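Asks: Below are the chains, spelled out letter by letter.
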Amino acid sequence: MPGPRLTRAIATLAVFALAVAFPFLASGYHVYQGAQVLVLAIALLGLNLLTGFNGQISLGHGAFFAIGGYGAAILTAKLGVPYLLAVPLASLVCFAAGFLFGFPALRFGGLYLALATFALAVAAPQILAWKGFDAWTGGSSGVSLVKPHAPFALPLTTDQWLYFICLVSAALLYVAARNLVASRIGRALIALRDQPIAAETMGVNAALTKTICFGISALYAGVAGALSALAVGFVSPESFGLALSLSFLVGIVVGGLASLGGALFGALFIEFVPSLADQMSGNFGEGAKALPGAVYGVLLIVAMAVMPGGAAGAVRAIMRRTVGS
Amino acid sequence: MELAEARAETEPRAVDRAALLAVDGVTLRFGGVTALQDVSFAVQAGAICGLIGPNGAGKTTLFNCISRLYDPHAGTIVFDGRRLARFARHEIAALGIARTFQNVALFATMTTRDNVRVGAHALARGGFLANALALPFAAREERRLTERAEALIEEFRLGRVADRPVGELPFALRKRVELARALAIEPKLLLLDEPAAGLNHEEVDGLADEIRAIRERRGVAILLVEHHMNLVMRVSDQVVALEFGRVIADGPPEAVRTDPEVARAYLGSAR
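These protein sequence lines map, in sequence, to chains L and E. All you need for this note's numbering is the position in the first sequence, starting with 1, plus 97. All you need for this note's numbering is the position in the second sequence, starting with 1, plus 801.
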């Protein structure tokens, strides 16, 4: 029987191999959806570093996703920056925005921070649609950008090429997050969540560590937003509303708090379950058609009842039973 | 006559500024309540100093001043020649001060090993970027922290629970983890806040030997807050008694035990 570490390595490789094969097996639209799942997984990795590991609740990560998206759109469409440069640039802007927002916001703890980030999520779409920024943001009609084609005459469709960009980004950001979590910084993040005062007496600089964590988390959201803008070819204010921020929170809880592997499951959940709920409510007849939200809610509650620790918690429980601890 | 002699021996005296820890005239008020009033005493390098007093005497408050969790309104605390007021609370560990907490403040979801490794946090420098990229120097530091933790896990016989989350461990074991975590930084001064609280009779006996052994092995000075009078008298080289935030006695254990002020404070508090 393989040990838990080996099992995990095999599982990671299998998922990665599947992810590489996927765009050659699926239809164009499914490849596009696959890229969206990877984008969401990146955002969830970042939010989980902040909320799962460091214990800071953010209801406003949709705003950083929006900054990343608009950043990439404006850089490529209006300033002619190559898209492979635009993505990191936009995400660095997000890091700065997250750091600057986090600096004062982290003086509030817990629910007060949640409220401050909530305000961010509410304000973001309105600021993006504001007439004063029209020249850059295109007001309520948004910004269109050209979807990048595969270079070097690679035999890939645009959707497949974008999918692979998203896959490589997700893989790199996953490895970075794993390294971070396994290091003294990762332990400091958890220590600050569990016992902030004890952590400080062991030499953890609470204010700086939490602020950088907020910045990194915003950076992940920014990469996700920028890649999403490339994949969709379009950004507009209404795609970055409060619902987006809340779906991120749903994603990390369903995937498993303080678990990085759960990000993929969380992303699948928030990408597909809302449309599944749509279909299901249609099946209950005309009268139920107006209730996809209610069906979604029930599915969410069922998911939490079946997997109280999220998908990652469920996997851990199964591993314990089969591999033994 | 005998009492008078004991009295002279425990009279608070001028603070020895060359000591490892020199607390000089520290005063701290919470609203209208004076928690510490002109507290002065010194702890020599490698000495075990017991800090006793009835509930509310200001013992833990004093610990929190040394940890920089509280800012005294007056007075200075000098450690190893440096005024602590000039340092932020997260810089205290690197100076060589470690502590445990009255209610055992472990990181409950983390394993024993990770708790001890957090204790050694201040021995490494690598930040977010270096660790996310797993740069060679960060990886080297990480190995050093892990080796340090392994040595402590062995020393405190925690090998069997090294990979268990500490929240699952029994109380006495958690106290041992906290002790190992505090020593991970190789401190010059160890603050122990009621290490015997919640332990049974045999465990307290074991603790006394443990505290002595820690000092013998490392030469670390220990400041010990404890209600368990027997334990304090057995392990301490020096005992400081506090009452209502004031020092009422300071001297060798025998002298403080027989000090009439101390007897009065304890009888008074038992009323």
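Calculated from the structure, these hints are not laboratory results. Predicted model, so just to flag it, every value in this text is computed and none were measured. There may be inaccurate statements among the hints.
[To be verified] Here are some of the chain L residues that sit facing chain E, going by a computed Cβ distance under 8 Å:
hint, residue
1, K175
2, G177
3, V178
4, I287
5, D291
6, I294
7, A296
8, E297
9, M299
10, I313
11, S378
[What the hints assert, rightly or not] What the simulated footprint calls covered on chain E by chain L, stretch by stretch (three residues with Cβ under 8 Å from a Cβ of chain L suffice, anywhere in the stretch; the number is not a length):
hint, stretch
12, 887 to 895
13, 933 to 945
14, 948 to 961
15, 1036 to 1046
Beta carbons: idealized from backbone N, C-alpha and C, even for Gly.
Asks: A separate judgement is required for each hint: does it hold in the structure or not?
Replies: Checked hints:
The criterion of a C-beta within 8 Å of any C-beta in chain E is not met by L/K175, whose closest approach is roughly 30 Å, and the hint is violated. The restraint placing L/G177 at the interface with chain E is violated, with a minimum CB-CB distance near 30 Å, outside the 8 Å limit. Among the interface hints, the one on L/V178 is violated; its C-beta lies about 24 Å from the nearest C-beta in chain E, farther than the 8 Å criterion. The restraint placing L/I287 at the interface with chain E holds, with a minimum CB-CB distance near 6 Å, inside the 8 Å limit.
Checking L/D291 against chain E: minimum C-beta separation of about 4 Å stays under 8 Å; hint holds. At about 7 Å, the closest approach between the beta carbon of L/I294 and any beta carbon in chain E falls short of 8 Å, and the interface hint on this residue holds. Interface restraint check for L/A296: the shortest CB-CB distance to chain E comes to about 7 Å, inside 8 Å, so the restraint holds. With a cut of 8 Å, the hint placing L/E297 at the interface with chain E holds, because the nearest CB-to-CB distance is about 5 Å.
Annotation: L/M299 was flagged as interfacial toward chain E, and the flag holds, the nearest CB pair being 5 Å apart, inside 8 Å. Residue-level restraint check for L/I313 holds (minimum Cβ-Cβ distance to chain E is 6 Å; threshold 8 Å). Against a cut-off of 8 Å between C-beta atoms, the interface hint on L/S378 is violated, since the closest Cβ of chain E lies about 38 Å away. For the stretch 887 to 895 of chain E, the proposed coverage by chain L is satisfied: 7 residues have a C-beta within less than 8 Å of a C-beta in that chain, meeting the threshold of three.
Counting residues of the stretch 933 to 945 of chain E whose C-beta sits closer than 8 Å to any C-beta of chain L gives 6, which meets the bar of three, so the coverage hint holds. Proximity of the stretch 948 to 961 of chain E to chain L, defined as three or more residues with a beta carbon under 8 Å from a beta carbon of that chain, is not established by the 0 residues found. Residues of the stretch 1036 to 1046 of chain E lying with their CB closer than 8 Å to a CB of chain L number 0, which falls below the three-residue condition for coverage.
In this structure, the hints that do not hold are numbers 1, 2, 3, 11, 14, 15, in rising order.
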